[in-house]
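**Q** The opening position of the sequence shown corresponds to residue 1 in UniProt numbering, with each subsequent residue numbered one higher.
Accuracy of the hints is not assured; some may be wrong.
[Unchecked claim] Here are the computed lysine-lysine pairs in the DSS-like style, where the Cα-Cα straight-line distance is at most 25 Å:
hint, residue 1, residue 2
1, 32, 83
2, 79, 32
3, 83, 133
[To be verified] Computed beta-carbon distance windows for the label pairs:
hint, residue 1, residue 2, range
4, 162, 120, 23 to 31 Å
5, 167, 76, 33 to 41 Å
6, 129, 3, 45 to 53 Å
7, 4, 104, 21 to 29 Å
8, 167, 79, 17 to 25 Å
Hints in this document: simulated from the structure, not taken from any laboratory.
From the three backbone atoms N, C-alpha and C, an ideal C-beta is built for every residue, glycine too.
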Amino acid sequence: MGERIGVYPGTFDPITLGHLDIIRRGAKLVDKLIIGVTTNPSKNPMFTPEERMAMVQREVAAQGIGNVTVMGFNALLMKFAEKQGASVIVRGLRAVADFEYEYQMAGMNQQLNDRIETVFLMADVSLQPIASKLVKEIALFGGDIHRFVTPTVCEDVIERVRGLGQLGDY
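Sequences are here, hints too, so could you generate the full structure?
**A** What follows is the structure, given as structure tokens:
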């Protein structure tokens, strides 16, 4: 059996402590974990794909995880995974709502390629409420996000909010 390669896909806009938890744990399950930074215009991204890739690379390097590679992709996940030689898709779950969506996606992905397994990892209990969408919303309304992201990501988000302008009344 060759090298076991996993793909952990996401928009990572921005990367949160929950994402980093899944990366740390997912990296233990495979020989090589590829973090696939993808685009999803419906999620109203705060950062460009290049900025998100750089952010993920920086944060993974700071964690000292040696078997992780960061790559951008803008394709069907299963095509990307096949091209990388992956046998595993790693997905993080926070709540029942995540499971319902992810279960449907895993089923569709299995129809596309039944040689690639989807593995679900539950986020650490203390990190389960964290979602990138909520982190951005809190920041845009002037809230404190330091408990949800690393200090450097917090700085990135605050700097971006300064450029965009805060929303709402105080």
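**Q** Taking 17 to 25 Å as the hint, is the beta-carbon distance of residue 167 and residue 79 inside that range?
**A** violated, 37 Å
**Q** Under the criterion that the straight-line Cα-Cα distance not exceed 25 Å, is the pair residue 83, residue 133 satisfied?
**A** violated, 29 Å
**Q** For a C-alpha distance cap of 25 Å, please report whether residue 32 and residue 83 respect it.
**A** Status holds; Cα separation ~14 Å.
**Q** Quick check: does the Cβ-Cβ distance between residue 129 and residue 3 fall within 45 to 53 Å?
**A** Check failed, 35 Å falls outside 45 to 53 Å.
**Q** Given the hinted pair residue 79 and residue 32, is their Cα-Cα distance within 25 Å?
**A** Answer holds: residue 79 to residue 32 is near 18 Å, not above 25 Å.
**Q** Against the range 33 to 41 Å, how does the distance between the Cβ atoms of residue 167 and residue 76 compare: consistent or not?
**A** holds, 34 Å
**Q** If you check the beta carbons of residue 4 and residue 104, does the distance land in 21 to 29 Å?
**A** Hint holds: Cβ distance 25 Å, inside 21 to 29 Å.
**Q** Range hint 23 to 31 Å: satisfied by the CB atoms of residue 162 and residue 120?
**A** violated, 37 Å
Comparing the model with each numbered hint stated earlier shows that hints 3, 4, 6 and 8 do not hold.
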